[in-house]
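Peer 1: Residues per chain, in single letters:
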Amino acid sequence: MSDVILKNISHSYGAVRVLDQIDLTIRGGEFFTLLGPSGCGKTTLLRILAGFIRPTEGEVWIGDRDITALAPEKRNMGIVFQNYALFPNMTVKENISYGLRVRKLPAEERKRRCEYYTELAGLKEYEDRRIQELSGGQQQRVAIARALVIEPQMLLLDEPMSNLDVALRVKMREEIRAIQRKVGITTLFITHDQQEALSVSDRIAVMRDGKVLQTGTPGEIYDAPNQEFVADFVGFSNRFGGRLVRPEQMQLKRDGEGVPVEITDIRFGGMYYEYRVRSQEGEYRVLELNRGNASQKWKRGDTGVLTVLTEGSGANA
Amino acid sequence: MRKTDQSRTFLPLVWYGVMGFLLLGYILLPFVRTVLEALRAGDGYGLLNFHEFFSNPNQWTVAKNTILLGVSMVVTCGTIGILLALYMTFLCSRFKKLIHILLLSPMMVPGVITVIAFIQLYGESGVVTKAIQYALQLPSAPFVFQGYGAILFVITYTQYVYFYLNVYVALKYMDYAAIEAARSLGASWLQIFRDVIWPVIRPAVLTSVIITFASGVSAFSAPNLIGGGFKVLSTQIVRSKANNHMEMASVQVVVLFAISVTVMLLVRFYSRRFGSIAADRSQPAVPEGMRRGWLAVVGRIVVLIQILLILLPIAAIIYLSFVSTSSIMQDIFPRSFTLENYLTIFRKKRVLKPLINSLQMSVMAVAAGLVLTVPSAYLIVRRGGRAEGILRFALMLPSAMPASLVAINLINAFNQKSLFAFGQVLIGGYYIIPIAYVITALPMLLSSNEVAIQGLHPNLEEASRSLGADMGNTFVRIILPNIAPGIMAGGILIFIRMIGEYTMSALLYGVHNRPISISIITNMQEYNVGISLAYGVIVILICYLSLALIFRLDDRRFL
Ligand SMILES: Nc1ncnc2c1ncn2[C@@H]1O[C@H](COP(=O)(O)OP(=O)(O)O)[C@@H](O)[C@H]1O
Ligand SMILES: [Mg+2]
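Chains W and C, in that order, are what the protein sequence lines are.
Anchor point for the first sequence: position 202 equals 202 in the working numbering, and the numbering is continuous, going up by one each time.
Anchor point for the second sequence: position 50 equals 1050 in the working numbering, and the numbering is continuous, going up by one each time.
Chain W on its own, in the form it takes in the complex (with noise of 0.2 angstroms):
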């Protein structure tokens, strides 16, 4: 499979640029992820991709080949939008099977592959249900499928979890991986929601005010990102000694070496607890795995010492 290359990709509408100067190269076969606030550009950058608009600045590649004036229709990539946008005058097997009808597949060819994905996307039972009477999860299937069907150069995944419940969120997130993995198709996934980004990604993008910040591994991003913005797009992170530390990074103690700090406030999150400390410097956070009764012994108002558990290769603060 081809690696997909943005060259040099900037982006205005009207006198407002979005899109400033992104190189990109997503790898054939891999889970890729823009991850940013909402209003960096994300989605101009996929529509982009997708064709829908020219970058003002740049180029797209797939491969060797340059496609940054080819149709949308002549792409071949299976985009799920935000709103999944599913043919609302069809069935869910007629949305389905859509982009194989269209590029006039031959009846036996088109029959095969629609049962394989509809299969794939456990949608079995519902194949002739209308779309308005389906449940948010299930469109998203309908969506997923219907953009596999055409078994596509790249898939593009705008949101796709925004308008389901947060329980369903995750168990769609795992699918949606899962498939991705059988069908091994190169994916661009868009998501503001950093929990999302770090648990399925192969790599990661982050994205500001249409800069790329920072592209890596999930671990890489977490571990070390590489700036302020980053690290905190990603999770919460303490200021302490001139670098940015994660809290389950940082360790209490009762004494020794270390920062004397004040215990200002506990949190109990079931997995772990959460202290709130001060120390002449500033206030942090720090995590403890709940091992049992480990905790018992902190209460508020305690004083102890801060240290940090793992030399972490944060960026300066």
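Rather than coming from a laboratory, the hints here were simulated on the basis of the structure.
Backbone N, C-alpha and C fix where the C-beta goes; we use that ideal spot for every residue, glycine too.
Be aware that one or more of the hints could be misleading.
Taking beta-carbon pairs under 10 angstroms as the criterion, some of the chain C residues facing chain W (in silico) [to be verified]:
1) D1175
2) P1458
3) L1460
4) E1462
5) R1465
6) D1470
7) T1474
8) I1478
9) N1482
Dock chain C with the ligands against the given chain W, drawing on the hints supplied.
Peer 2: Quick look at chain C with the ligands alone, frame taken from chain W:
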């Protein structure tokens, strides 16, 4: 590689060319022709005709009558329409949908037929008139159903619907919690209306004022048939045209246009001072307790009277259409039923022809109107640039033109060979009426198409493209099927309005295209009342069936 980008702009360009040609040739230039005709003075141009118009006291009276009718209609329709909308929103609980549809139904009956029906009820030999005369043993009819009062009565009965529907829809966005709050603070109903309800419905009321005034000053059926000595511009325009005074007809129609546009601009100017208020509805249900009390009782009585007024003429016209003409004329309560009227229509080709004509011409107008407005609406909604703005403005222009202006424009432009008709003389021919229908239908069709297209998320088109369908395929498989119900519903509404159209028909019909509205009147005048009424019933039937179709296609329209 650039090819796709070029075709994206090329097709719209062709479309703008075609639309430019048609709009210029059939709307703009004909209007200029009318203005020039009005300014014609001997061999040159001047204000001579206008001078003649304004120095003639009779013409002054006609102009004043026209304005009087427009203003009084706004008052009567506004009062009844707003009261009904308030009642239906806050007080009505049982049979709400049915009553709502009944209240809307006068819109579905062509004006000519309504007037005929009213004449059968309240005219000199009308059922109600005769009943009262008989009951009170009066030597002559107790009232004369003619003149200003009669016209106002008839028109109010049909035209309150604009106010009613617009205000009813606006009230859907009313925040009931605000009313509750005002009540808990001790406000009276009057204060609540003034401070809470009025700001919400004001935009709808102002829009309705414009529409109602415009339809009042250009009303033709009622003034023509029961006007008596009360003359208005629209009737005088037809008379001037019949007497071949095209210059005077043009002056009169320009004056009519000026009156209607002035009021429109005044109201627009006034309404711009207020932003629109769209409150979110926080409470879905009307608070209990509101439905009791004397207000509800009064409201119920008003609605009952209104429904009676709506149903009585239709009942009368259906009833009388099954009675022979001689019995209608002689008996107080005709009881000799016959199918003769209907049989005559369907047996005699000559008698059936007007019905066929009207059906054909309305269907043609709707089809042509849709062909012109669907792609235009699509471009306007999806592209929304300057060219689209101009296109939209041009297509909406006829909404500011009274029907008689459209007809007079066409006469002035096409009573000779014209480049825009490819060298033909259209006046006297068959197609001039459907053309006039199309022109008046453009604004409404455009608006309803725009609504339908706005309801279609652009993502659907993009999804289709990404799945491999080109623009043409996407249009046929995705766009069209999804906007069809809304578009068809709009088209049918136009069909209903056109099938009984009278004003333009009266100015433009010839031997080949005599429409049903004209035949209804001539049969009536030639004492074939039975035929006239049977025609009316057939048209009403067609209209109601069409209405039922609209509800099937687009069940949220009007509700
Ligand atoms: N069609 C458009 N015209 C003008 N501005 C737009 C358009 N689409 C998006 N924008 C603006 O571009 C910026 C990026 O938008 P978008 O790509 O949708 O961001 P995201 O998907 O990350 O939320 C936003 O500020 C948005 O308001
Ligand atoms: Mg977005």
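Peer 1: Looking back at the numbered hints, which does the structure fail to meet, lowest number first?
Peer 2: 1
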